[in-house]
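Undergrad: Let the hints inform the model, and build the full structure from the sequences given.
Chains A and B, in that order, give the protein sequences. All residue numbers for the first sequence refer to the numbering used here, where the first residue is 1 and numbers rise by one. All residue numbers for the second sequence refer to the numbering used here, where the first residue is 1 and numbers rise by one.
What the hints contain is simulated information worked out from the structure, not anything from laboratory work. Check each hint, because a few of them may be wrong.
DSSO-like cross-link-like pairs, simulated, lysine-lysine; straight-line CA separation at most 27 Å [unchecked claim]:
(1) K3(B) x K26(A)
(2) K3(B) x K25(A)
(3) K21(A) x K74(B)
As a plain string of letters, each chain reads:
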Amino acid sequence: MTRAPIPSTIWTPNIIPRAEKEMKKKLIRSFCLDILLVGIGLNVFALFHHVLDFSPKTEPVELVAPAAPEPSAPVTGEDAGPVPEEPERPLTWREKFADKFTDGDVVQTENAYMSENINVTFSRIEEDGIIYHVADIYITDIRYLRGGFSHGVYSARSAPISETASLYNAVVALSGDHYGGRYEGIVVRNGVLYRESRFADVCVLYTDGVMATFADEDFDLEAESEKGLWQVWSFGPMLLDNGQAMTEFKSDVQRPNPRSAIGYFEPGHYCFVQVDGRIESSRGMTLEELSQLFADLGCTAAYNLDGGQSSGFVWQGQLQSYPYKRPVYDIIYVSETIGED
Amino acid sequence: MIKRVLAHSCIVLSLIFMVLWVLDRVNAAMHFLSRDVFKIPFLIFLILVLILAVILVVEDARQSCGDAQETKRK
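TA: So this is what it looks like as structure tokens:
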């Protein structure tokens, strides 16, 4: 005896009608498809935002080249003639910081680099639950303190800081001002003007070695250009007010954070500071703490650069900052290689 | 069909913009919302929303009109 087939609906434990079930399935499918499309959309956005360069192109403008660093040697012998009374001239940086430079040898240790033109002392400091790195820099000529673009060109392409540092043979390198991540912000690197739109507080390193910081509204590019611009960074905020620590800053990121900043003592003497952060061993610094640090170091001007995951520091080819390795658009570095400026 | 495509496009784009809005709050310096790469899809989104809204309003008006006529007939 054969049994008649039992309608499947009787055996289905689920009492939801088939049509409703189908509709649910369809909805879930289309929801998943939407989420997938959101993911694809975000990736496409990231491609255009981070990778492909659609920034407005401007022709780089060569600004005034830095003056020759050394005074010419005195003429001696028969051609000398009567010796005129020499006007008192300011000391060159080599003379001023004579004990900092060698006669031609390069002395390299774990924490120091000394040559006839560069002296850098590196320190890794741990205090109050914060780890930070300081590079104390002396140079004989402003051309040894340089800005470098990732991949060697002005573009919106980023690269790991150690890669860029090695590209420029940097003794020490610090992450820069993130110029490629936006369309605004004055960009002058090594005496060449690449972009002149405004963005935030400005830091200027003049060809005579003086570094100054300006509030965005106080900066006049044309007027300052006449003084000879070697570097202009646009990120900020400025960290010292006439050498005094500040308590108020124009920044959205006031909380403890990884930081990168440059400090200025006097022409020829600068420092890089990089602070690790967002980790158990180092919480990072607030802007107030960073400002106080530069005041304690004795700087007369200091300027905050791109921090957070972009904060990076390379010493003698080794990445010192931790834990982030986000590619950066530019670096500030010290190198024996000064190019053809 | 076109309504469905429009609706899903609006869902996808609005979710993308919500993510970008959050990212922009976290890191304003990245300018997620102020670059052209954001502005162009945003304009597309606005157009899609507008078209979808017009279609729905027209459909709703037709439906209301049909309902009214049916009530009259009864």
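Undergrad: Hint by hint, say whether it matches the structure.
TA: Hints, one by one, checked against the model:
Between K3(B) and K26(A) the alpha-carbon distance is near 16 Å, which keeps this suggested pair within the 27 Å criterion. Of the supplied pair hints, the one linking K3(B) and K25(A) holds, its CA atoms being roughly 20 Å apart against a limit of 27 Å. Simply put, K21(A) and K74(B) have alpha-carbon atoms about 36 Å apart, too far for the 27 Å limit, and the pair is violated.
Against the hints set out earlier in the document, a violation occurs for number 3 only.
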